[in-house]
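Those sequence lines, one after another, are chains C and V. Letter 103 of the first sequence, counting from 1, is numbered 84 in this note's numbering, and no numbers are missing. In short: position in the second sequence from 1, add 15, done, that's this note's numbering.
What the hints contain is simulated information worked out from the structure, not anything from laboratory work. Take these hints with a grain of salt, some might be off.
[As the list claims (entries may be wrong)] Here are the simulated DSSO-like pairs of lysine-lysine, each with C-alpha atoms no more than 27 Å apart in a straight line: (1) V/Lys334 with V/Lys361; (2) C/Lys240 with V/Lys346; (3) C/Lys150 with V/Lys252; (4) V/Lys206 with C/Lys129; (5) C/Lys231 with V/Lys326; (6) C/Lys231 with V/Lys361; (7) C/Lys231 with V/Lys319; (8) V/Lys319 with V/Lys179; (9) C/Lys156 with V/Lys361; (10) V/Lys326 with C/Lys214; (11) V/Lys293 with C/Lys214; (12) V/Lys346 with C/Lys231; (13) C/Lys141 with C/Lys38; (14) C/Lys240 with V/Lys27.
[Claimed, not checked] Computed footprint of chain V on chain C, listed as stretches where at least three residues anywhere in the stretch have a Cβ under 8 Å from a Cβ of chain V: (15) 112 to 125; (16) 184 to 196.
We put the CB at the ideal spot given by N, CA and C, even for glycine.
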Amino acid sequence: MIVHVVVFTRSTPDTAAKVEVNSSGVVTWGDAATVVNPWDEYALEEAILQAKNAGGKATVIAIGPEFHNEALKHSLAMGLDEAARVWDAALVGADSLGYATAAAGAVKKLGDIDLVIFGKESVDVGTDQHIYQTARKLGWTMLSYVSKILAVDYNAKTIKVERLLEQGKQIVTSKLLAVISVMKDINEPRYPSFIGIRKASKAVIPEWSLADLGVSAPTAQTHVTGLMNPPAKNVQVEMLDGTPEEQAAKLVDRLLEEKVL
Amino acid sequence: MSAVYVWIETFKGKALNSSWEALGAGKTVAAGLNVPLTALVFGENAAAVAAEAGTYGADKALICEDATLNGFRLEPYAALLSKLVSDNQPKAVLAIGTARGRELLAASAADTNSGLITEALTLEAQADGTLKVYRPVYAGKILSEAVGSAAGTQFVSLRGRAFKANAVNAGAKADVSSVPAVLAEADIATKIESFEEEAGTVSLTDAAIIVSGGRAMANNPAEAPAGTADAAVWKAKDGFANVIQPLADTLGAAVGASRAAVDAGYISYAHQVGQTGKVVSPDLYIACGISGAIQHQAGMRTSKVIVAVNKDGEAPIFKLARYGLVGDLYKIVPALTAELKKRLGK
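Generate coordinates for the entire structure from the input sequences, incorporating the hints supplied.
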């Protein structure tokens, strides 16, 4: 049996891009490029490392319309072995239950998967709920906020990880199968190689419908009813001059007035 | 038995202060939906925490003190919450979106095929019984309005520090009931081996004040001891310990850092504020030697008052700041600490 790791990713607008809601109420980032969801770079690197260490393979999946192929091509260029994209008209307007159903369906379609990896969250939708829900839909153990994989044995089906929580670091052992979400600390993501980019540019990425996965989309239980640009914060910076001591005294005066101390 | 459930997160048998914010949000929603407010407390010391929840406005409490629930683990907590939701069909389940709160609500919402909205900045019960929320998307560049479905249980996780706790009423008591655990230890795949607590530090996400250091922490005038492999790293670490930390201690603040400082090895990743770190929203954010890259802004732009200390008066951080101090942080920060000690009588 060959070890097979699955990692999920998605395309998100470049962090520096100006993202706004246009007059039709649609989110737009103009001509700005999309990038791999920044947290996913660590997930992709970890999938490559896990597959390499175990002599296995790693598959990357995105759920969403065609522009998510850009994240998949970047992933292939980094060194992921295979890619697939899941999309279906029934997923338009889906909430995280829809995502999780599709993600779990894709993992099951691939067959004998040992480990599923996500980046900590998606910066576009601003959430991580789909990760935990994918684990529940698979019926697998969820290990979130993983900052280190300390040991993994794909034959004995055990894993030991370090997790980064608010109060400190936790060491946890668990049985596989598991879904893990990884933090920035876990590795140093590689840049795609020139050869990798050339290979990826020619790759044909299969698109799977929900019927291909043998699942149907659940009825969305939450709905986005409006998108808006946040009210402009009208901050006028006040520069405080003088010697460091004078600057400090002026600042303390202002902070006491603002009642934030 | 319809209700609004609020999960009270505990650590070592003590409630997190932010949990009372969730109870504050829950009180408004329960009143709007005309149902009781029920606190859920699992694990060690649950009975005592439930009594405390009563003083913070909970009408009822469901507690479970089973040994499998000592120290949060997703499997036993989610199994129990999912059973309570299936059995009792509450109108809503709320919790603060901490690391644990996020995954608990998501798991239980998936188990019960319920809707979940995360990172709520506002929460309102509408006349039709749906909950309406505003939440940030695209790293806070856009606000999204989302509503749940009144037919089922609506799960909502709340942004910390976005809601106010109810005033304490020392005489108020919650009607407490005990429920059994759902999973036995043998059914739980995860085992906690150890927990290394970061003692004595203020948690970034709960902090009312944050003092952060950036790349310029390396400009410390203190001399690295002879033979130090990387003088810049030594200087920056020394600066965090002996310049930033004293200011934070004086203010009761948490210590943050920019990605540049973390990536250079000046301070651990747990302190990183920004896109691939923590998102914070304190009353006061003091950025020391941080230029204010867009990735950093994504983590702190909703802070109430931002103070920037930077040598470069053109740094982007000054576009976000309410107060700007151009100069050397290694001169200004110690002066600020001294001034605060004097003025705050510390």
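Going through the hints against the structure:
1. V/Lys334 with V/Lys361: violated (32 Å)
2. C/Lys240 with V/Lys346: holds (25 Å)
3. C/Lys150 with V/Lys252: Given pair lysine 150 of chain C, lysine 252 of chain V holds - Cα atoms ~21 Å apart, limit 27 Å.
4. V/Lys206 with C/Lys129: holds (16 Å)
5. C/Lys231 with V/Lys326: The hint holds at about 18 Å.
6. C/Lys231 with V/Lys361: With a Cα-Cα distance of about 19 Å, the restraint between lysine 231 of chain C and lysine 361 of chain V holds, given a limit of 27 Å.
7. C/Lys231 with V/Lys319: holds (19 Å)
8. V/Lys319 with V/Lys179: OK: lysine 319 of chain V and lysine 179 of chain V at ~15 Å, within 27 Å.
9. C/Lys156 with V/Lys361: violated (51 Å)
10. V/Lys326 with C/Lys214: holds (24 Å)
11. V/Lys293 with C/Lys214: Answer holds: lysine 293 of chain V to lysine 214 of chain C is near 21 Å, not above 27 Å.
12. V/Lys346 with C/Lys231: Holds. Lysine 346 of chain V to lysine 231 of chain C sits at ~15 Å (cutoff 27 Å).
13. C/Lys141 with C/Lys38: Given pair lysine 141 of chain C, lysine 38 of chain C holds - Cα atoms ~21 Å apart, limit 27 Å.
14. C/Lys240 with V/Lys27: violated (33 Å)
15. 112 to 125: holds (count 10)
16. 184 to 196: It is violated: at least three residues are needed, and the region 184 to 196 of chain C offers just 0 whose Cβ sits closer than 8 Å to chain V.
The structure is inconsistent with the numbered hints 1, 9, 14 and 16, although it conforms to all the rest.
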